[in-house]
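Asks: First to last, the sequence lines map onto chains U and V.
Numbering follows numbering that gives the first Met the number 0, in which position 375 of the first sequence is assigned residue number 374; successive positions increment by one, without gaps.
Numbering follows numbering that gives the first Met the number 0, in which position 37 of the second sequence is assigned residue number 36; successive positions increment by one, without gaps.
Just so you know, these hints were derived from the structure itself, not from any lab.
Where hints are given, some of them may not hold.
What the hints assert, rightly or not - With a cut-off of at most 25 Å between alpha-carbon atoms, the simulated PhoX-like pairs for lysine-lysine come out as follows: (1) U/Lys392 with U/Lys625; (2) V/Lys45 with U/Lys344; (3) V/Lys130 with U/Lys608.
Residue strings, one per chain:
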Amino acid sequence: MAVVNMKKMTLVGLKDNMDDIIDTLHKSGSVQIIEITEEEDNASFYQKGLSDIEDRLNEYKFAIDLLKSFNPHKKGMFEQKPLINDETFNEHLKDELKYLDDIKNLHHLEEKQNELNNEKARLEGRIEVLTPWKDIGIALRRLGKGKYATIKLGTIETKNLPDFQKGAEELTYFGYEELKRVKNTVFMAISYLNNLEESANNLLMQSGFSALADEGSGTPEEIINSLNKRINAINENLAEVETNIKDIDKDWEAFTALYDYYYIQKEKFEKYDDLLMTRKTFCLQGWVPETYCEQVKDSVESTSPYCYVEFKDPAEEDNPPTLLKNNAFVTPFELITELFSLPHKGEIDPNPIMAPFFFVFFGIMLGDVGYGIALSVLMWLGERLIKPSGQGKKLMDLLLLCGISSAIWGAVFGGWFGDLFGIPALWFNPLNDPMTMLVFSLALGVIQIFTGLGMKAYINVKNGHVIDAIFDQGFWLVFLTGLLMLAIPNFRNIAAIVALIGALGLVLTQGRSKSGVIMKFLSGLVSLYGLSGYLSDVLSYSRLLALCLSGSVIAMVMNTLARMFGGGVLGFIIGLIILIVGHVFNLAISGLGCYVHSSRLQYVEFYGKFYEGGGKPFNPFKLSLKYYNYQ
Amino acid sequence: MDITLGQVFGLAAAAIAIAFPGIGSAIGVGLVGESASGLISEDPDKFGQSLLLQALPGTQGIYGLLTGFIIMSRIGLLGGNLVALTTWQGLLFLGAALPIAIVGWFSAIAQGRVAASGIGILAKRPQELAKALTYAAMVETYAVLALLGSVLLVFGIRI
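Please put together the full structure from these sequences, using the hints given.
Replies: Structural data, given as structure tokens:
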């Protein structure tokens, strides 16, 4: 089937060419490099280079982030990342000193901007404190501790006022005057003789007096005015700094390109850790999909003639990563298996056989022409808008296909947004005839379970275990077939014989690994209990009926609700709103249910029969640029 | 038109079919929501995935509504012509509603617990989300079976 064969590549080359060779592999993106050294032998070699690269990366990141805060450089939804190649990288590298100068400049500008902003914040804080005092025409230089007396302006909360007043009366030579009240705050001026300072301070502290503190000397209004003037000047400076920063925006393209360039360098340097090195040579091992071997070999050899490349089949103890390759229909369904577990070494790819089942089950469960078309159209549009990649793309493709399946089954079962249009079913309506639907669901279950057993038999035969295939799967298939035939009246006699043969075969063979005749027979007998497992597996497919019904009944509920509002323009509008909201809700919740339950049937009932998984995904060493696509 | 005792039972059947699984689902969805909020406070990007887990225990409420709706349509409540059910017929409907009412209620809570611990999987190993979903779907099997039982019973009653 469709697991791609992996070859183990061993590459030995001169250290002088190492950088170029790794660069070639990086750009080819078809090799997963194996870590063959565990000690940090090479650390001294690459650490210095790596830290230099990281410094550069940080510089460019700083510049890009700063420029972004003024000009976000947002791309349109349909816009792709621009292309870039080595030539452009080299051009930018040639002028790098200039760009680094600009970045130095940016650092200065940012520093200045911060200073200005800090000062502005400080001044604004002062204004905020002074504003409530604006209408009080006392020059602040008159306040404070004089030769004999102290004068203060300040506020206390209204609730503390009575205590304050009482305390103030007990002190001789302590005067206060209420200036104004705003909400719960009393603004006041106080004065006391200096020899009372200690007790006055005590009183002020107890009543939560907060004194006005400002370094200015004029009246609050005068100070505010001069502060505002200063802020205006700062704003002008800030605008100038901003223009200077924006001027450097012309370097945007170079900054992003160089960022991507150093990012590539960084990834490359980090790989040095995985190589074996001597003083003059290095050795690299990696997994390469069979189909890419020639291509990789050619590109490496054209990079450096002084190297040795060899491809070998994985050895017994090797554990190659898994890469799947399927046709356009099956590929989206790989997601379902990826989320479960990829095939391990030597295992077959279950996707081609699983895909049709998932396709059909999802369709039956959602079972509505309207929903199916809506889902497909949404996914089609979504793919064009978001341009997903990897698993996101697979998921959207999967739902697109499942939408088509739902539309087909919807026509079969007469679901067009539930019963909205009253279009009759091509076959039958599960709501009117749930028993037929139940039998149909279980029949599909029997087909899938038989397929699963057949797959296991195939795998056994393929691995040379023909006996196991006959005893473990063959007899079960015979036994189950016999039991199923019992349901058909005319075949009762033959069915009983077939079932008996199957059962006998199982009793005689299932205990074959045990020692002693009695043990063999007993464990053979016990194995028939496995029938309950098959029974529950088949019954599990009744969820096809349940989800199909739940989706269509909720749709019906929405339609009934909408119809209740009956005629009239208003009724029509309200009805329409209910229909839209209701059906969107139902599509979302039923769609989730269909996805989860279709998956579950594959994972538990189907894969349980023959599939193990446990493979690691093929994760090649490839470029992943942030701002450009490498050409 | 006189109301028969059978009609009262029939209505009660629809009511319990809708109410109890609804209670269970509300508790289950709530449980998952509580754990999910903890996760989101650390990692807001996982909102969409946690929502998948949270929606799972909600299906029992839908199954309940479904059964209730089928009962309503069988006893003619939706068409406006309420069938004159005998007391025994009404009790039959009540009995038919029990599987989904009881199993829906408790399985939603159990599923809520599984899904809530699935939030832990999502937090530590988000790539294994499918396994968390599968665990929760295992619980749902019994709600599905109960729904199947109730629906078949409701359709089996002769009126």
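Asks: Would you mind confirming whether the straight-line C-alpha gap from lysine 392 of chain U to lysine 625 of chain U stays at or under 25 Å?
Replies: holds (19 Å)
Asks: Is lysine 45 of chain V within 25 Å of lysine 344 of chain U, Cα to Cα?
Replies: violated (32 Å)
Asks: Check the hint pairing lysine 130 of chain V with lysine 608 of chain U against an upper bound of 25 Å on the C-alpha distance.
Replies: holds (18 Å)
Taken one by one, the earlier hints fail for this structure only at number 2.
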